[in-house]
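For the sequence shown, the numbering used here begins at 18 and goes up steadily by one.
Incorrect hints may appear among the rest.
[Stated by the list, open to error] Simulated crosslink set (BS3-like; lysine-lysine; CA at most 27 Å straight-line):
no., residue 1, residue 2
1, Lys331, Lys366
2, Lys339, Lys237
3, Lys249, Lys207
[Unchecked claim] Here are the in silico distance ranges between beta carbons for each label pair:
no., residue 1, residue 2, range
4, Gly416, Asp123, 41 to 47 Å
5, Ala176, Met47, 17 to 23 Å
6, Asp89, Trp126, 36 to 42 Å
7, Lys249, Gln225, 24 to 30 Å
8, Lys237, Asn381, 17 to 23 Å
9, Val97, Gln65, 39 to 45 Å
10, Met47, Lys237, 39 to 45 Å
Quick caveat, the hints were computed from the structure, so don't treat them as lab data. Positions of the beta carbon are idealized from the N, C-alpha and C atoms, including for glycine.
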Amino acid sequence: MKTNKDNFIPRDEALALLLNKWHPSPSTEMIHIEEALGRVTSEDIFSQNSLPVCRSSQVDGIAVRSADFVSDMPDTKNWVRGKDFVRADTGDDFDDRFDTVIRIEDISWGSNGQLNINDKACVKKGNLIKQCGSMVKENDLLVAAQTRLTPIHLSVLAAGGIEMIPVYAKPRVVYIPTGNELIPIGEKPKRGQNIETNGIMISNFLKQWGAEPINYPIVKDKIADLTTILEKAVQEADIVLINGGSSKGEEDYSVRLMRENGALLQHGIRAIPGKPVALGMLDNTPIINLPGPPLGTFYAMDWFVSALVHAFLKQPQPIRPKIKVTLCDTIIKPADYVDFEMFSRLVVKKSDTGYKASLLTWENNMPTMMTKCNSLLIVPAGITGYNAGDEKEVELLYGEEYIE
Numbered sequence: 018m019k020t021n022k023d024n025f026i027p028r029d030e031a032l033a034l035l036l037n038k039w040h041p042s043p044s045t046e047m048i049h050i051e052e053a054l055g056r057v058t059s060e061d062i063f064s065q066n067s068l069p070v071c072r073s074s075q076v077d078g079i080a081v082r083s084a085d086f087v088s089d090m091p092d093t094k095n096w097v098r099g100k101d102f103v104r105a106d107t108g109d110d111f112d113d114r115f116d117t118v119i120r121i122e123d124i125s126w127g128s129n130g131q132l133n134i135n136d137k138a139c140v141k142k143g144n145l146i147k148q149c150g151s152m153v154k155e156n157d158l159l160v161a162a163q164t165r166l167t168p169i170h171l172s173v174l175a176a177g178g179i180e181m182i183p184v185y186a187k188p189r190v191v192y193i194p195t196g197n198e199l200i201p202i203g204e205k206p207k208r209g210q211n212i213e214t215n216g217i218m219i220s221n222f223l224k225q226w227g228a229e230p231i232n233y234p235i236v237k238d239k240i241a242d243l244t245t246i247l248e249k250a251v252q253e254a255d256i257v258l259i260n261g262g263s264s265k266g267e268e269d270y271s272v273r274l275m276r277e278n279g280a281l282l283q284h285g286i287r288a289i290p291g292k293p294v295a296l297g298m299l300d301n302t303p304i305i306n307l308p309g310p311p312l313g314t315f316y317a318m319d320w321f322v323s324a325l326v327h328a329f330l331k332q333p334q335p336i337r338p339k340i341k342v343t344l345c346d347t348i349i350k351p352a353d354y355v356d357f358e359m360f361s362r363l364v365v366k367k368s369d370t371g372y373k374a375s376l377l378t379w380e381n382n383m384p385t386m387m388t389k390c391n392s393l394l395i396v397p398a399g400i401t402g403y404n405a406g407d408e409k410e411v412e413l414l415y416g417e418e419y420i421e
């Protein structure tokens with residue numbers, strides 16, 4: 018069925034339509050701290066420890082009795098280690114008889130091993146001592162709920178005596194590749210065949226965002242098979258992705274199926290490439306029908322699937338860094354799509370006068386289009402394009418440090 022582009026809607030409206038109808042309820046699971054990097058806490062986590070357990074030295078030095086220094090600097094040449102002072106290095110506990118620490122820089126040893134203390138050393142009760150619980154106290158908040166855990170968080174949790182961590186279960190995302198022409202990775206394509214390459218890209222984006230991908234086998238273009246597979250996927254998944262069948266080919270059954278079972282919310286987005294993406298909801302499970310071409314798949318993943326995964330985990334959508342560049346090429350939007358956004362793929366390079374950006378076009382091969390691109394220029398709806406020499410803001414796909 019041909020899609021009327023007059024019925025297409027902007028990306029933000031489509032995403033809002035989907036999110037407003039979705040009510041995810043992620044479950045909590047307990048995982049070991051060694052496996053928790055990148056996971057999202059499902060509740061506030063409080064310390065089970067007080068550290069230091071008892072007072073300890075803040076620095077390398079010696080511990081002494083402040084009472085010995087009340088009137089003046091005492092004569093220490095006959096002081097005995099263990100009786101008049103003890104060694105107290107950073108983090109060390111020491112005998113309760115001693116109540117202050119002198120830095121190692123303020124002491125020296127005579128030829129006969131006698132202790133010498135700098136006259137200007139600060140010696141007062143409690144100096145350079147960490148008190149019990151001064152680092153963390155039992156029941157202190159260590160990490161708040163809905164925090165994506167970094168190595169620093171894990172160190173704090175370990176200090177608080179936390180070994181098992183409550184986190185949101187990863188959203189389970191089923192991926193269904195469809196198409197009579199598709200063959201698995203590893204097979205040599207023959208005439209009329211194409212390798213199913215989107216799955217590996219999709220799976221790894223999902224892992225990167227914190228989801229659990231579940232890849233189904235390739236489904237041929239038979240509506241009965243698609244119906245059975247979709248019913249199974251909705252029962253198994255938190256989010257379902259169908260790849261292919263969103264355009265107007267004679268065997269593109271996916272959108273038809275979504276429409277017939279009442280799942281279809283929107284077919285067609287006012288953005289190119291990737292405009293045929295379809296969005297649906299069935300039994301509180303979002304269904305995204307991704308375009309088949311890899312670039313269309315990439316954009317649909319970027320626009321919608323990333324947002325769904327982050328919403329499930331109660332995390333903000335990542336924001337790409339932006340820089341100003343000077344365009345090396347004229348960028349013209351197709352006349353029929355002036356009222357659409359257009360995502361142009363660019364290669365940004367450093368120059369003596371700032372950043373320069375060259376346009377990647379369909380004349381480039383697939384590896385170049387997919388891997389050489391390091392930035393995106395979004396031409397807004399209603400704008401026909403830009404001229405070479407214009408200065409524009411672009412989104413970086415990689416950190417600025419990778420620009421050559």
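Comparing the hints with the structure gives:
1. For the suggested pair Lys331 and Lys366, the alpha carbons sit about 36 Å apart, so the restraint of at most 27 Å is broken.
2. Of the pairs offered as hints, the one joining Lys339 and Lys237 is violated, with about 41 Å between alpha carbons and a cut-off of 27 Å exceeded.
3. For the hint linking Lys249 to Lys207, the alpha-carbon distance of about 31 Å lies beyond 27 Å, and the restraint is violated.
4. At roughly 45 Å, the beta-carbon separation of Gly416 and Asp123 lies within the given 41 to 47 Å, and the hint holds.
5. In this structure the supplied range 17 to 23 Å holds for Ala176 paired with Met47, their Cβ-Cβ distance being about 19 Å.
6. The beta-carbon spacing between Asp89 and Trp126, approximately 21 Å, falls outside the hinted interval of 36 to 42 Å.
7. Here the CB-CB span from Lys249 to Gln225 is close to 26 Å, well matched to the stated 24 to 30 Å.
8. Separated by about 32 Å at the C-beta atoms, Lys237 and Asn381 break the suggested range of 17 to 23 Å.
9. For Val97 paired with Gln65, a C-beta distance near 40 Å keeps the hint of 39 to 45 Å intact.
10. The supplied range of 39 to 45 Å is met by Met47 and Lys237, whose beta-carbon atoms lie about 41 Å from each other.
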